[in-house]
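**Q** Below, each chain spelled out in residue letters.
2 protein chains.
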Amino acid sequence: MGIDEIILLEHGSGGKASQRLLEEVFWPHFREVPMLDAAMLTLSRERLAFTTDSFVVDPIFFPGGDIGSLAVHGTVNDLAMVGARPLYLSAAFILEEGLPLADLKQVVASMARAALKAGVKIICGDTKVVPRGKGDKIFINTSGLGLIPEGIKLLPENISPGDRILVSGPIADHGLTILASRENLGLEGLESDSQALNHVVFELLSQFPAEIKALRDPTRGGLASVLHEFCEAAQVGIFLEEEAIPIRPQVKAGSEILGLDPLYLACEGRFVLACEPGAAEEIKAFLQGFPETRETAVIGEVLSEPKGLYLKTIYGGTRPVPPLSGEPLPRIC
Amino acid sequence: MGIDEIILLEHGSGGKASQRLLEEVFWPHFREVPMLDAAMLTLSRERLAFTTDSFVVDPIFFPGGDIGSLAVHGTVNDLAMVGARPLYLSAAFILEEGLPLADLKQVVASMARAALKAGVKIICGDTKVVPRGKGDKIFINTSGLGLIPEGIKLLPENISPGDRILVSGPIADHGLTILASRENLGLEGLESDSQALNHVVFELLSQFPAEIKALRDPTRGGLASVLHEFCEAAQVGIFLEEEAIPIRPQVKAGSEILGLDPLYLACEGRFVLACEPGAAEEIKAFLQGFPETRETAVIGEVLSEPKGLYLKTIYGGTRPVPPLSGEPLPRIC
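Protein chains in written order, with UniProt numbering: chain V, 1 to 333; chain P, 1 to 333.
Careful, some of the hints might be misleading.
[Unchecked claim] Not everything, but these chain V residues come out facing chain P in the computed CB check (under 10 Å):
hint	residue
1	Thr-52
2	Asp-58
3	Gly-125
4	Asn-141
5	Ser-143
[To be verified] Below 25 Å or equal to it, Euclidean Cα-Cα: the simulated DSS-like pairs (lysine-lysine) are:
hint	chain 1	residue 1	chain 2	residue 2
6	P	Lys-312	V	Lys-16
7	V	Lys-307	P	Lys-16
8	P	Lys-121	P	Lys-105
9	V	Lys-16	P	Lys-307
10	P	Lys-16	V	Lys-312
11	P	Lys-153	V	Lys-121
12	P	Lys-153	P	Lys-105
13	V	Lys-105	V	Lys-121
14	V	Lys-153	P	Lys-121
15	V	Lys-284	V	Lys-252
Keep in mind the hints are simulated off the structure, nothing from the lab. We put the CB at the ideal spot given by N, CA and C, even for glycine.
Just chain V, with the same shape it has in the complex (with noise of 0.2 Å):
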């Protein structure tokens, strides 16, 4: 392979290659990356929301996206889940010596359509290579700057006694589908739920200003991480419904197969929320009029005692769901 086939020291030098990765690589997708160190901007005299999260993916090319679809909706999603409306996105990627130019050229491609789909501009952006066996493929990070609109106001304390909970679609497709297609267990059916949910929030919260308590996006940890942090924030008692929780019988299947819980397997396109409980079928009614939240449901209830998180299972009973310990499934996202 010839000089710029692979990525090479070289590339992340600040020289002739590196100028040639952003010409041929960057540019062509990322064209409000300036040539100046940092980006500017003219906001309004809003709120401002402002995150950031790495993504070290194993696989990055799997089922339904790869590293470069999820380091946006990753923090896109994170800004939604505070209310904030995502406008911008930094995106800065550590490159192992040896990356096969080509895949870099397609996960570069595919952030610029997940963030054109999502309505985002990424405006900056770094490149850092690291020698082979000192880094792994690629590594993105995203940090991302939103606007939140006036009377947002979405906190698990304000979760009270009585709240339902409801989940935007079905648990588990993202952590099985890493876990599946990075070990090839030849299990089928997989596929990622990454999918940005910053419109979708927008109306929810534009149609449902007051009922909508608090928002989470059950990534690392699944659904029962988010639970357990309501819970812990709120200082209550969340009682699931097992039959209620949507899974897809394939990630049924497949975390059995594998003694895996689904509680605990990360969505990357999916939201947790809790609301009034006056609210909940009208909320759940809506959602389902969306593409990206049709299989919304209501799964659970909040109550003021016991505190913790319970499920009541299909068979009847009820078992309390500790929190995580270990790490069941390590880069997942």
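Fit chain P to the supplied structure of chain V, relying on the hints for placement.
**A** Relative to the frame of chain V, chain P by itself:
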């Protein structure tokens, strides 16, 4: 070593161990890091600057600093170079499994000190852990937000024939220090120049709002690479006086021993500026009044022809200084 003495995959899980890491390592220093996915801030109706940089320096501790202070200085300086007052930073870590926790604590404490000194707040963060051999100890991404005061307009395109070129202190300290430190070269008296430049740049731009055409920090690729960017942007020639360029004797000697040209070696606490000819001496004297820029020197002049970068050597000849090609020093930032 016990479970929390070294970084385990578990620390990146989003579960209990991640929580412990937050509580024990990050929150004591970064009190602004919220529990929510994104940080919210209210800013007035001004221009914002937003920048990102990943740091992969090897070794992570070196004379004059470490990867933590460097990650703060680098992003703070990137904001200062566009005339912005740095306000907020994000900090995202990619940690290698097996990293001693003590090293991480030291780096985080160093970041916190650097941020305090620079007057910026680290308001959001992220931590990922990759398996042994898939990363290298610590990588840090810092993204930054700053406000650009009214009337600031720094653009290399504004440089015109007659303008003078100044550098704010001795060059090449950082690059040579990192190399010597990584390779155990036994060169003495070397120390990185890594420091935040925002306070002095703010004073500088307040005092000389119209006279300064362009500012840039000569990091990767060194002084020569920044000046090539100036030449390219303004379509001019820049002539440097070799004897005017400040360089410490030990840096000069070390570069000669290693066959490296200090014009291409990184600084992390210097800036280069282009200004109107009549203001050069006054700006030099002004900068020499600050500890960070005590050794500021006028090092060259802008001409209309020939275009490109040239060095008048101490022997009286003139040689072209070509753009950087290849990677003399990987992982210096």
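**Q** For the pair supplied as a hint, Lys-153(V) and Lys-121(P), confirm whether the alpha-carbon distance does not exceed 25 Å.
**A** Measuring from Cα to Cα gives roughly 23 Å; hence the hint holds.
**Q** Under the criterion that the straight-line Cα-Cα distance not exceed 25 Å, is the pair Lys-312(P), Lys-16(V) satisfied?
**A** holds (24 Å)
**Q** Are the Cα atoms of Lys-284(V) and Lys-252(V) separated by 25 Å or less?
**A** holds (23 Å)
**Q** CA of Lys-121(P) to CA of Lys-105(P), is that 25 Å or under?
**A** Holds, because 18 Å separates the two Cα atoms, which is no more than 25 Å.
**Q** Please check whether Asp-58(V) passes as an interface residue: C-beta within 10 Å of a C-beta belonging to chain P.
**A** Since the shortest Cβ distance to chain P is 8 Å, the answer is holds.
**Q** Please check whether Asn-141(V) passes as an interface residue: C-beta within 10 Å of a C-beta belonging to chain P.
**A** holds (4 Å)
**Q** Hint Ser-143(V) vs chain P: min CB-CB distance below 10 Å?
**A** At 4 Å from the nearest chain P Cβ, Ser-143(V) passes the 10 Å test, so the hint holds.
**Q** Tell me if the straight-line CA distance from Lys-16(P) to Lys-312(V) falls inside 25 Å.
**A** With Cα atoms ~24 Å apart, Lys-16(P) and Lys-312(V) stay inside 25 Å; holds.
**Q** Take the C-alpha atoms of Lys-153(P) and Lys-121(V), compute the straight-line distance between them, and say whether it is at most 25 Å.
**A** Roughly 23 Å between the alpha carbons, so the hint for Lys-153(P) and Lys-121(V) holds.
**Q** Taking 25 Å as the top limit, are the C-alpha atoms of Lys-153(P) and Lys-105(P) close enough?
**A** violated (39 Å)
**Q** Please work out if Lys-105(V) and Lys-121(V) have their alpha carbons no farther apart than 25 Å.
**A** holds (18 Å)
**Q** At a threshold of 10 Å, is the proposed contact between Thr-52(V) and chain P supported by beta-carbon distances?
**A** holds (4 Å)
Hint 12 from the earlier list is the only one contradicted by this structure; the remaining hints agree with it.
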